[in-house]
Every structure is written in structure tokens, then in C-alpha cells.
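6 protein chains.
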Amino acid sequence: MQQLLDTAENIRTMEIRGAGRIAEAASAALRDYVLNIKVTNIKDFNKKVDEAASILIQTRPTAVSLPNAVQLTKRHTATEVSEAREEILRNADKFLEQAGQALEKMGEIGAKRIRDGDVIMTHCNSHAALSVITTAFEQGKDISVIATESRPRRQGLITIKELNDHGIPTTLIVDSAVRYCMKDVDTVIVGADAITINGALVNKVGTSQLALAANEARKNLLCAAETFKFSPKTIHGDLIDIEERSPEEVIDTEVLAGMPNVKVKNPAFDITPAEYIDMIITEVGAFPPQMAYTIIKEHLGWEFTKMG
Amino acid sequence: MQQLLDTAENIRTMEIRGAGRIAEAASAALRDYVLNIKVTNIKDFNKKVDEAASILIQTRPTAVSLPNAVQLTKRHTATEVSEAREEILRNADKFLEQAGQALEKMGEIGAKRIRDGDVIMTHCNSHAALSVITTAFEQGKDISVIATESRPRRQGLITIKELNDHGIPTTLIVDSAVRYCMKDVDTVIVGADAITINGALVNKVGTSQLALAANEARKNLLCAAETFKFSPKTIHGDLIDIEERSPEEVIDTEVLAGMPNVKVKNPAFDITPAEYIDMIITEVGAFPPQMAYTIIKEHLGWEFTKMG
Amino acid sequence: MQQLLDTAENIRTMEIRGAGRIAEAASAALRDYVLNIKVTNIKDFNKKVDEAASILIQTRPTAVSLPNAVQLTKRHTATEVSEAREEILRNADKFLEQAGQALEKMGEIGAKRIRDGDVIMTHCNSHAALSVITTAFEQGKDISVIATESRPRRQGLITIKELNDHGIPTTLIVDSAVRYCMKDVDTVIVGADAITINGALVNKVGTSQLALAANEARKNLLCAAETFKFSPKTIHGDLIDIEERSPEEVIDTEVLAGMPNVKVKNPAFDITPAEYIDMIITEVGAFPPQMAYTIIKEHLGWEFTKMG
Amino acid sequence: MQQLLDTAENIRTMEIRGAGRIAEAASAALRDYVLNIKVTNIKDFNKKVDEAASILIQTRPTAVSLPNAVQLTKRHTATEVSEAREEILRNADKFLEQAGQALEKMGEIGAKRIRDGDVIMTHCNSHAALSVITTAFEQGKDISVIATESRPRRQGLITIKELNDHGIPTTLIVDSAVRYCMKDVDTVIVGADAITINGALVNKVGTSQLALAANEARKNLLCAAETFKFSPKTIHGDLIDIEERSPEEVIDTEVLAGMPNVKVKNPAFDITPAEYIDMIITEVGAFPPQMAYTIIKEHLGWEFTKMG
Amino acid sequence: MQQLLDTAENIRTMEIRGAGRIAEAASAALRDYVLNIKVTNIKDFNKKVDEAASILIQTRPTAVSLPNAVQLTKRHTATEVSEAREEILRNADKFLEQAGQALEKMGEIGAKRIRDGDVIMTHCNSHAALSVITTAFEQGKDISVIATESRPRRQGLITIKELNDHGIPTTLIVDSAVRYCMKDVDTVIVGADAITINGALVNKVGTSQLALAANEARKNLLCAAETFKFSPKTIHGDLIDIEERSPEEVIDTEVLAGMPNVKVKNPAFDITPAEYIDMIITEVGAFPPQMAYTIIKEHLGWEFTKMG
Amino acid sequence: MQQLLDTAENIRTMEIRGAGRIAEAASAALRDYVLNIKVTNIKDFNKKVDEAASILIQTRPTAVSLPNAVQLTKRHTATEVSEAREEILRNADKFLEQAGQALEKMGEIGAKRIRDGDVIMTHCNSHAALSVITTAFEQGKDISVIATESRPRRQGLITIKELNDHGIPTTLIVDSAVRYCMKDVDTVIVGADAITINGALVNKVGTSQLALAANEARKNLLCAAETFKFSPKTIHGDLIDIEERSPEEVIDTEVLAGMPNVKVKNPAFDITPAEYIDMIITEVGAFPPQMAYTIIKEHLGWEFTKMG
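Residue numbers (this note's numbering), protein chains in the order written: chain A, 2 to 309; chain B, 2 to 309; chain C, 2 to 309; chain D, 2 to 309; chain E, 2 to 309; chain F, 2 to 309.
Bound-form chain A, shown alone (with noise of 0.2 Å):
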């Protein structure tokens, strides 16, 4: 159990961050726990399961790759403990093993959909994203990218440098330049933070703004986002709450301070609305946004019980 509550603990505190990571992380910690949990009666066992999975949830309240990681390892059907811990065990295996596989997969499927000579823009420092562009430069399409600086953390400054590494010719535009620059792209290519029943997209604030100028300009954007980015949720009708960050981000607080009347309003992330947006790629498969339920329902292995 110290195990584990060192895991959430390390969650807690951000130490393990990134919404893969954490996933992968409170798989693995679950898992461990159960190899050790010393109880025979089934009911016993599900309950010490269903405590730890709580504990783990409860790190993060708003990560939505937790609760389904914990789900994803967690559910099993047996009547006996130890066929229940086989197969929460080898839930866990193939969760990590298709975790780590994600980034892959979706290079590979998202690839197919970019073509030689294409154009592509992309918004803040996805590795989602940039699996997809890499795996399309690597397999020789004569691709480049256009990346945006990402105010306020600047995480494009990232973006370029990895590109830069991959050779892929790049250019890089402030974030107010996105609609001068789209009449020369193809496809726009973000990643997520978090998808919702109904297909939006929440993510870096800004790609609302690149998906409303492309969509203007008829041109595609992609999503690729890892199946555990799905929120289960918000079938329940729960928002998804938008972080509000520091002020010191965007201005040197000195001189917010020698301004009374001014105020900074610096939200983390924004919403996309499915209409924006052509495809999402998993690494599952490539899905249009209103088909959020079915992969929530059927991958992520969500129970509805009142559905039906």
C-alpha cells in the first residue's frame, strides 16, 4: 500500500505529470497493490480494489486520463480472487503496453492522412501531434510545418526545436498570425487535453482560434488524442473546468502591480466545438467527433448501467 500512496502522493504534487504519464503510473501502481493484497474472500478483494482505485483518483480531480486508467485496470468479472487479480494483472499489461504504444499508433494511422507537399499547422508542443508530422516526414512526404509561438509559455519554441532536430522545414508565426498563414496550409494538426461526449475539444487555449480560422478557410484539422483522453464524465452533463493560470505568465507582475485597473485573465486551455474538427486520431483508429460515446463506451470499457 506505501506503494501506492507513494504514487498518488508523486501525482499529487505534479512530480508525475503529463496525462500519459500519470496514466501509465497509476496502472502500474494499482496493479503492484493488487500482487499484494492478502485477502481471499472476492468481496474483500474488490473493496480493497475499489479503495486504492479511489485513492488514486482523488490525486487529480480534473486528469481525465486517471479515472480511466484506473478503470481500464481495475474492472474484471471473476468470483475468485485469484482469477480477479490475473486479470486485473493483465488488464494493467495491456494497458501500459498499448499506452506506450499510442504514440506509434497514431503516427501511423494519423500519417495516412497527410500528403505530399502539405502544409501543416500546429499549435503549442503536442508529442501526439508531432508523431503524426514526424511519421509523415519520415516516410519521405514532402511536408512542412508552421507552428505558433504559443503565448503565454511559449511551448512553439519546443515544437520548433524538435522539428528542427527532425529536419523538417519549419516556420514560426506569433499566435495573432494564425489567419494571415492559413490561406497557405492544408491541415492543421493538434493534440488534447481532454474530449467530451459530445466531441469538443478542450485544449492549449488558441486551437479554438486555429480550428475557427481553418474551418473559415475550409481546411481539415485533425485531433490526435490518446483513447484515455475521452471524458466519461461528461455524460454525467459535467463541465470541464478551464484552469485559470498565474498573471506573472503573460506580464512581469512589478508592472501589473503600478496598474490598479488592470487585471490579466490567463486561462490554460479553450473548447473546440465538434464541428470544427474532421477526425480524431486515436490509437485505435481515426473517428469523427460524435462517436466520443462509442469509444468511451468501447474502448475505455465504461459501464452505463442504466443504459438498457
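Honestly, the hints are just simulated from the structure, not real lab data.
Some clues are possibly wrong.
Just so you know, same-sequence chains aren't split out, so a pair can sit in one copy or run between any two.
As the list claims (entries may be wrong) - Once the Cα atoms are required to be at most 20 Å apart in a straight line, the calculated SDA-like pairs of lysine to any residue come out as:
{"#": "1", "residue 1": "48", "residue 2": "264"}
{"#": "2", "residue 1": "266", "residue 2": "102"}
{"#": "3", "residue 1": "184", "residue 2": "118"}
{"#": "4", "residue 1": "266", "residue 2": "168"}
{"#": "5", "residue 1": "264", "residue 2": "170"}
{"#": "6", "residue 1": "234", "residue 2": "295"}
{"#": "7", "residue 1": "142", "residue 2": "250"}
{"#": "8", "residue 1": "162", "residue 2": "257"}
Here the structure is a predicted model, which means the values were calculated and not measured.
Using the hints, position chains B, C, D, E and F against chain A.
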């Protein structure tokens, strides 16, 4: 003549900069020059005026306010030198007076479009837009402003300083947060670098994204622009050049040098189509953008001799 | 003067009502007053005319036809009282003649846009719109009309009565059924209370919903409006006030009194943006809404002195 | 059997009315009938159940909740009469329990989509929509409502009475003022009469105008609908009939009789396309309208045997 | 095996052509081959079946009906050769029966969407679309058809011939007249060559222009497509190839040879996005295009094993 | 007079055809007639001119260039016959000179809107559009053209011939492939048969489909049109007739005769709304379509006497 050449040089070297100040300097220079023309023959007089006008106009071939100021100043219908000189002096004085009052007039007209309680979004740092906002505030209207940072040069920081000094509640956002914040906005107000014959607005890069997001949410967009911002040559099909500025405004040049596959695209302006603009507030009235020709003809005094 | 004051009083007390009748009464009153001005000095004469004009205009500060009628009547270029008087008499006679023929002219022009077999939707009770419809019908075109009830005052009942008396097949619908019936409609025709400088139409509340539904289904919307409905002051940025009418038009006041948490919002008009209007049919021709400035300047005779 | 025939008669004569009450009565009647079937052969049993089901369904051929309730009640997989009876009893109890809780569940799920400070527009008088609104209000959210009159039957007056009794600040408007008031609205919530396979909403006439105006202004539209409102037969291409109601709801019949060229069109419902609906709130979760098939299959239990 | 190879050859050489006939031939060939497999070991049996399936599929790598037919035929869950053979025979018989009835079923389902008095526009020559039209006509509905010429191969001439023979009033237009005639149309019905995972329709070039014009005028567009037209591989991101056909279909080759600067682009198909399609009529029901995944999974029987 | 009657006859019989040639012939005929009018009284002179003008105009009542040419030629302000004659001669010469230069002028102005590297789509065979294209090409811009076949008369074959002779890389497509190819296009350029008061474009059938597809993809559409293509009578509400041409242009008449239920609809033109047109390039400048009235008044010289 030396004085005029000095002014021309100052415009060329950007010692005199800003559409308004360029226009005023050129009109005054032409007026002073005309005062000292010694010829007595009207034909010679006109030739000298045209030469001087030409010198001024060629200093900044893409500045739209320059030919407008020169044209409004130099035109006359006299057949005697003394009358012509008188007329040009009157033209210059009238132009300078109107230009001097333009900010105030735009403030008065535009403020009528602001309602008590409005939240106004603005971009970059436009004196004309700020004149509308501060006039409305000084009329006692309870308004607040959302100002964009306006990368790469962050002119938004100047804007929030000015708004703070007026005591107007202001919120600073990064350029990527425009669409996210649009639902709280009542009216968008921006300035103009130039307006074309079909009512398109050339302004600081990012303006067209505010306009697109405002249009999507059906919020009004007002453009505040002195009449000398309307471009007569666009009637002849001319496109307006979009200045490309230095990469170092966007990224540290040393960092950039280390990434051979990366370049920077840094357009100074973008183009907002007329359909996204509700009104253009000039110092002589508020017009729909489609009336650009009428402004150019009736106010700026351009004769399109083949017309009729 | 007493006569003019009487007319002014009758306009203020709404004994004289309706944009056309107000306009005609004001023009006639000014004409009659001018006939009896005794002064011989043109300056004194002009001062008296301006005073009388001002009295008339202030009776209904929001009626757009009133200042237009007064302006068209009073303007003159004479330097002698007798000539000025003559000119004003001619102005008044011309204005009254044109106003008297406006319905007929709009009918003639607008009927050309109606094709045999058309189904026309109209809203509220507009004489101008009905003139177009009945003219087309009397030309032998096989048309029919869908008329809205136009709550709260149900002016649609007057409209269907008038259409019935003309023998025109008519269908009455509730206001909520506009979109449902739009698929059967060929053209929507409405009247106008006022038209702004950017071609927006101020008309009976609900008009903008017909326009929106027509635009969605790509059906034409014609607005029939005398030129005196165009609002000159909107050039100066003025907004047009939307009258809030009494709750008792909507709900029994006693019933309302029993519900302390409920109030009624009863706007008389709404605003239809220019982009939803195909044509404005005036007595002098059919125009796209963006030409409002041209109507105001060329027909209504307003001088915008600062315009060049 | 007599009891079942009585219930059938009460549904046919509209003594039992309202989608929910019809559904519950039919399920209970079938359950009670099944309790008393005397046959011992499963084939005979099934035949009798099918006959009874058929009688119930035919009472109101266009009511969408009726076949759904009957189907959910009668389906079983048993091969013995006693088991089949048990299963049907369980089905009925489950259906009645869920139907009884549906309003509350929709309230809980939908209320999560309402934010503090929201202004909500609603149309007609929908218990489902009101459940969402009152639940949000009782959670302490500071909300207010704009309610339409909903001519011709003015069900809006019932709605404002109910909202007033809950203490919710409410504004009554005529149906024509929907677009005028939309700029002040945050969310539109309506109920449903039926939902088709492609997510179109059949609801009180005027609903599609709220939806169109909300879409134009990019405000969210939520539909609150029990799962039994989803129409299985639309999978087979069936159109949903729009009931035409009596003219006297719209106009005094004597007045109408005096106008031989006038008739009345009084549709009870209209159809809102899926693209104007953000979410459908059911008692089992919130879904995008495109998921209608999934609801029908997973919750309503219809088998489309040719599917695979 | 020889028989199967013959069929494969006939498909490759296009002796057997048309999505339906290819599908039926492949299913029958596989069935006949399976009847004659001599092996007794299930593993060997499966290997042989897979080999045969692979041969068939590779004959026309881009034909979407081919892998669907083969997959629906070959899948089985048996562990004994005899059972496996039985299952495959049943699969083939079921597939052939359903394919044989598909036109009739689509006709029945689609005809419900046609109303009395409808004007229907169709493009090219689709048996599925014609089945809907003729079924509606034979039900006694008073309909008429506008058929496009469908250059370059002018399949519209076949369509009008067939419609004429049915006695259906038909109007032939050139492809450029589609938008001009759209105002008279009630519904557009087209066939399909393939449908992708996100509901996009691949069909005869020009289809997307009908769809665009229909969407502009808010007329419904129905697509009639057998389920075997849905493309499973698009789930994996695959794009559908658009065949480029010979220039001589468009212009006389000798004429073309005389113009060295001119070439011909002659795409056989184009792609209509899901947002322009109201319904896809299949032989098992009518679905919104976003449900493509459900069709592929539930009807075509593809297992996406990584899906949960 | 005989000469004028001959010209009139040649216009009527279409020996003289094409908007430009008709206009020039009519102006010249009127000029020559005026030279020979013998009367000395100005009233008689005017009457004769009006009679002659009337004869010319009535030869082709729907040709828009004819009344424009006649009006521009005949108008004068003289009170003496000799002066009037002089003025008319000058009018005719000026008109003929301008008409002669119009193609070149449109080429110059329009070519400024073409950028190096542009792909241009054009429809039918417009000399004005081709002048823009060839001027840009001769300026050294590296452009290419996509030309539609333009069924039924296949004027596209003439267009590609002309482009080939200029050495401009050209691609021929069928009319149905317009939307498919639009993603590769930068600018669409078409000619005009007539332009209405609200800026709608009447041109070869299919033009509005290019415009719709260009608008969907946000590509610019330029219309190149001599000012005499603007229709003054549309101010009076007149609709422009759309000529229906012979079926035999579309289908072999014998084939058609064999199909009694089939007819052909063969409209020569369609109508493109102003909102789909970015610019109208005339010989006197580039204008937004909403400025049609200004062109008609300022250039074509029509007096709308009731206008103020």
C-alpha cells in the same frame, strides 16, 4: 524648397512616423513651400506644386495617408497664381484643423455606439479606438475593456497603461485567448492602417482574428479610422503590401541561428474583409465599409476623370 | 404660428400618427407658416424658419420621418425673402406630392420583383408592403400571402382583412410558425420604421426573425420603405431607440400582479442587419441596403458639410 | 384483458395524455395483463403478449413513447412461461421506476450545464426543461429565465407561473421577441415531443426559431428529453407527422368566417435540425443528437435484426 | 480453386463490374471454394480461406464492396472444419440474399422520405437512388425529377431513359444548371461509391456541387447506399483514392494534341462532407452520416480488436 | 435614317452580336444619324434623336449595353441644334474610344489582383476575364488557368485555345469538377452579361456554382465587366430575363423525341449574388458590387430625376 526636402527626408527616415503625423507634416510642408513659390505663371506654378507633391509622396510609397494629405492640399481650381496659392493655403489649414480634431470627432461619434455596461475588446494600440473608449467612459458609461497583448511588439502593454491612467477597468489577455473571451464581449473596436475600395481593413496582424471570432459570435466590430486612411489607389486594382518585419521581434536571433530548418514569418498587418466590419467610424461620420468609394471621392477629393 | 403649434401639439399627442402622416403634416405646417412670415430680412426669415422647424422636430424626437420632411421643406439657397418663400413652397408641394404618390410608386417598383405563382410572407401591417402585394395581384399575378399574427397587438388581423378584401388568398399563422412555413415562401416583404446609415432595418418586433429564417432558407427579403424612413442622424453614430411598450399588451395586468418574480419585456421593434435584406424598395427606386447614405444625401438633401 | 382494454380506451380518448403518462399507463397495463395470462405454453403466451402490445400501440399511432414503453416491457428471452412472466414484471417495474425518476435525473444532469449567473431562455411548457432550471436554481445558482408566450395556446403563462412559484426571476416575452432578446441569453433549454434517428427534434412550434436564433448568436441549446422520446421507426425512414390544429386556437372563428379568402395554418410542432442542438439531456446521460441510434438500441432495447 | 481464380480474373479485368456485382461474385466464389476445401484441420482450413480471401481482395484494391463481401462471408467462430464450412455457407447465402434485396429495401425506406408533390434532383445514374424514386412514384406519389447530364460520360442520359420508361416526369439539365434549378427542388437523392468513417461520401464527380447547392438552399440531400459501400479501412486513417480518368472522355484527343499548353484533369469522383448529407439510406435503415462506424461494426461485422 | 435602320436590323437579326459590338454599333449609328438631321429647332431635333434612340433600343429589349450606349451618346445640355449636335458627336467619339480601350484597361486593373504563382479558374469564354489573365501573364507572372468546359455550348474549348496560343499553362475540366478543383485555385475570374443595381451578376449558367464553391473555400472571385454591363432599369425593380435556349444544345432531338416524359431546361444564364463577388473590375476602376448605383449614375450618366 529645402524645408520641404527636410520634411521629406524626415518622413523617409521615419523620424516623422504615424499615419496622422506624416499627413500633417506633408500638408504643412506643401503649404509652406507654396508660400514661397516665386513664379507668376499658373502653369509654372502648377508644375512646381506637382513636383513638390511628387517628392513628398515618394518618401513612403506605401503610406496611405501621405498621398491623401498631399492631394487634399494641392488641389485648386484657380487660374491665377495668387488665387491658387490662397486656395492651397486654405486647403492646408482646413486639412490640418480637421486632422487635429479627428481623434476627438471619432471619439464623439463612436462613443454613441457604446452602451452603458458594455465590455469592449481592442487589439494593439490605436489612438482612434482608444478615443472612442475613453470618450464613452468620460460620458459616465460603466464600461470595461479586454486588451490583447499584441505580440510580437506587445503594444497591448501601452494600451493597458493608457486605460489604467483613465481609470477604466481593463483585462489583459494573450492573443490566443481572444475567442475564449469573446462570449463576454459586447463590441470590438480597432483602428486602421488602411482601408481599401471594397471596405477591407488593413490593420495590425491579429485584427482579422478578432473580427472572425466576433463575427462567429455575432458581436459588433467597429473600426475607428481617419478618412485619410482610405486608399484611393485600390480603385485601380492595387493591392496593399503587407510589411514583413524582422524575425528578432519574435525569437532571439541566436536561438534561431541554432535551428537551420526554422525560419520566422512576421507579417506586420493582416486584412479583415468588409463582411466582418459593422461600421467604420471616421471624423466625418459612421459608414458601412462598402461606402469606401464615397469617402474617397467626397471627402478626399480624388477625381476619377474617366468616371462619367 | 398658432396653426403650426397646433400641428406640433397634434403630433406630440399622437393625434397625428404614422410616419407618412406625420411627415406630411409637418411639411404642410411649415409651408403655411412660411406663407405668413412678415419679416423682410432674409436672416430674420431664416431664423424664424429654423425656429419653426425646431418646434416641429422636437415633438417626436425619435420619429425619423419628421426631420426628413422638415429638412426637405425648409432648405433653400435664396438670398431674398420672397425667393426663399417661393422655394420653400415649391419644396413643400413637391414633398407632399411625392409622399402622396409614394405608396403607388413603391407598389409599381416592388411588384416587378413578384413573379407569377409566388407565395409571399409579410409581418405586421405595412401599407408599403401591402402596396407591393396588391399591385402585383392587380397586375394579374397568381399570388398568395402568408401573414403573421404579429403579437402582441395582432396587427396581422388588419393585414388579413385588407388582403381578403382585395381577394388575395391569404394564410394566417402565429409568429412561432414563421420558420416552419418558410419552405413554402418565395419572397418576404416587410415595411420599415427606420433605416440606418449601414442599411439596418428598424421595424416591428419579429421582423428580424422573418429575415433570419428567410436568409437561412435563401429566400429573398424585400423591404418597402419611403425615402423619409432613412435616418440621417445615424451617420453621426446615433443609435435608434427601441421603444419599450406596456406589459398589458402581453398579459393581463392583474395576472401579472400576482406573480412578483415575473416581469414583461415588450420591445416594439427589432433590428434586421443589412446582410439579411436583398433590396429596399423606395418610391424612387430599388436599392441594396448599403446605399443608405446615397439615399440620404441625394434624395433627402442632407448636407454633410464636413464631407470634403 | 378488460383492464388493458380500458387503459387502451383511456389513451385513445386522451383521458390519459402526455408522453410520460401514456408510457407509464401502457407499461403497467401490460404488466397487469401478463400477470393474468393463463396459458402454459410459451408460444401461446408470447402470442397473447404480442396481441396485447399491439392493442396498446394502436391507440395513438403517432405517440412515440407508447411503442417504446411497450417494447421495453414485453421483451424477454425466456423459454418458460413463468420465467417470461417474471422477466416482464421486472421490465415493467424497472421501466416505471426509471420513468418516475426521469425528471429528477434530467434535472441533475442538465443542471451541471447551467452556470452561476446564466440567463436561460425556454419555450412553451416543458416539465423536463423546467426540471433542469429549477434544479440549478435550488443548487443556489443565481439564474433568471426568459419565457416565451408560446402562441397560440400560451403555455408560457403556465411556465411563468411555475417559475414564479419557485421564486426564479422570470421575464415574459412574445414569440416575436426571441431574436431581439437572444443577445442577453446564455443557454436555451427546451423539451421534446420526439427525436428522430438523425437527431432532429420535434417540439412545440417555434422551437426551431429559438434554435435558429441561438445558433446565429452561438448560444447553446439544450434539449431535455426522456429516452422514450426517441423514435425507433425513423430508422426505417418514417417521417414524423406534424399535427395541424384547429384555426380557432389562432383566431375567432366568426371573424374568420367573414373572410372567405383567408385560412389558418396552425401546426402544433416544428422540426429543429441536429446541427442546432448542442446536447440532449436524458435521464441516462447527456448526448450529442447524432447518437440517437445508440440511445434507441442500448436503452430502448430495440433489436434491428438485419443489422449484422 | 480454378473457379475462384477465374472470378478473381473477371473482377480484375472488369468483366465483372459495379460495386454490387463484384461483391456478390466474390461472396459466391468464396462459398464455392470453401465447399471444396479438403483439409480436416481447422487451422489449415482457416489458412486456405484466408488465402482465397486475399486473392479476391487484391483484384481491385480500391473497390470498397470487395473486402466487405469477403469479410462478411469468411468470418466464423467454429473450431471444427465442418461447422466452419456450414457457417461460411450460411454467411454467403445471407449476404447474397440481402444484397439481392438491397435495392428494394432502400427503395422502401427512402420512399418514406419523399412527399407527394416533391421535385427530386439526382446526379449520374445510381440504381439505389432510382429505386427510391421509382418506389415513391409507384406508391402513387405525384413526383418529378430533375436529372443532370453528368459529363463527361453523360450517364444522365441513361437515367432519363429509365425514368421515362417508368412514366416519371423528368427534366434534363446540364451540370452547370444545378444551382439555378435548386430553388425548385425539394430533395436531392444520390448514390454512393464509398462512405468513409466520418460520413464523407465518395461519389461521381459533381455530387459535392449538388450537395453544396442543396445545403446553401437548405434542401435535404439523401444518399442511398448499400451497407457494403461503407469503407472499414478509413478507420485506420486511409484516404480513398480518387481515380483520374482518360482525357478523351472530355475532349477529342486530336484537338488536345494540337494544344501543347493544355492538359485535362478528369477525376471520376469527388468527396461530399458529412455536414451536407441529411441521411444515408441503407438496406437496413436510414442513418445520419456520423453513424458510419456503427454500420461498419454492427452490419459489416468488422472486429476492431484493439477496441476494448 | 436608312443607315440607322440597317444597323437596327443587324442588331435585331444578331448579325451584330456581343454586348460590346452592339453598344459600339448603336452609338456610331446614332452619331451618324445626328450628323444628318436637318431640323433647326432644338425641340424638333431632340424629338428626332429620341425617336432614333428608341428604334435602336427596341431591337434587343434585353441587351443591357444597348440603352447604356444610346443614353451615353444622346444626352446633351445644349439649347441650340448645332451645339447639341457637337455634344452628341463628342459623346459618341468618347464612348467609342473608351469602349475600344475597355478590354485593355480591365486587363491592367485586374492584373494587379493576380499574384505570381496564382492558379486562376475561369468559366465560359469571356474576353474581359481573358484580358485580365493574359495581361498578368505578359507581365511575367507565373500563372496557370483551370478552364471549365461550359456545357452545353462548350465555349471552354475556345478559351483553352486562346490560352494555349498565349502559352499559358491550362487545365480543362468538366463543369462538375469545379468544387473538386477549387482547393488548388487562388482566384476565380469571370465575365458578365449584366450587373444589377444590387450588385448581382448575370452571367453564363454555371457562374453561380463557381462563385458558391469559391465562397465556400474562401477564394476570391473577380468579375471583369465593362461599365455598360450595369443595368439601369434594375433600379426601377425590373428583373433581368434569363433566356431559355433550345433543348438541342443539350441532347439530340431525335433521342429526346423518343422520351415523352422527358423535357429539357436549358437556361443561358444564372445569377450570382453580390455577397459571392469580391470585386468588379471595370475599365474605370475596381469596385465592390454594392457600388453598382454609383457606376450607373456617375459613369453611365443616367439621371434619376426624382432623386432629390
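How do residue 142 and residue 250 come out at 20 Å by Cα distance, when the copy is not named: within, between, both, or neither? Classified as neither: same-chain Cα gap 37 Å, cross-chain 32 Å, threshold 20 Å.
Checking an output row: residue 184 and residue 118, CA cutoff 20 Å. Within, between, both or neither? For residue 184 and residue 118, both the intra-copy (15 Å) and inter-copy (14 Å) Cα distances are at most 20 Å.
Within, between, both or neither: how does the pair residue 234, residue 295 come out at a Cα-Cα threshold of 20 Å? both (14 Å within a copy, 18 Å between copies)
When no copy is specified for residue 264 and residue 170, does a C-alpha distance of 20 Å or less occur within a copy, between copies, both, or neither? between (39 Å within a copy, 8 Å between copies)
At most 20 Å between CA atoms: does that hold for residue 266 and residue 102 within a copy, between copies, both, or neither? neither (37 Å within a copy, 35 Å between copies)
Homomeric proximity label, residue 266 with residue 168: Cα distance no greater than 20 Å: between (37 Å within a copy, 18 Å between copies)
20 Å Cα threshold - placement of residue 264 relative to residue 48: Answer is neither: 48 Å inside a copy and 54 Å across each miss the 20 Å cutoff.
Within, between, both or neither: how does the pair residue 162, residue 257 come out at a Cα-Cα threshold of 20 Å? Result: close only across copies, 9 Å inter versus 31 Å intra.
This entry does not satisfy hints 1, 2 and 7, going by the numbered hints stated previously.
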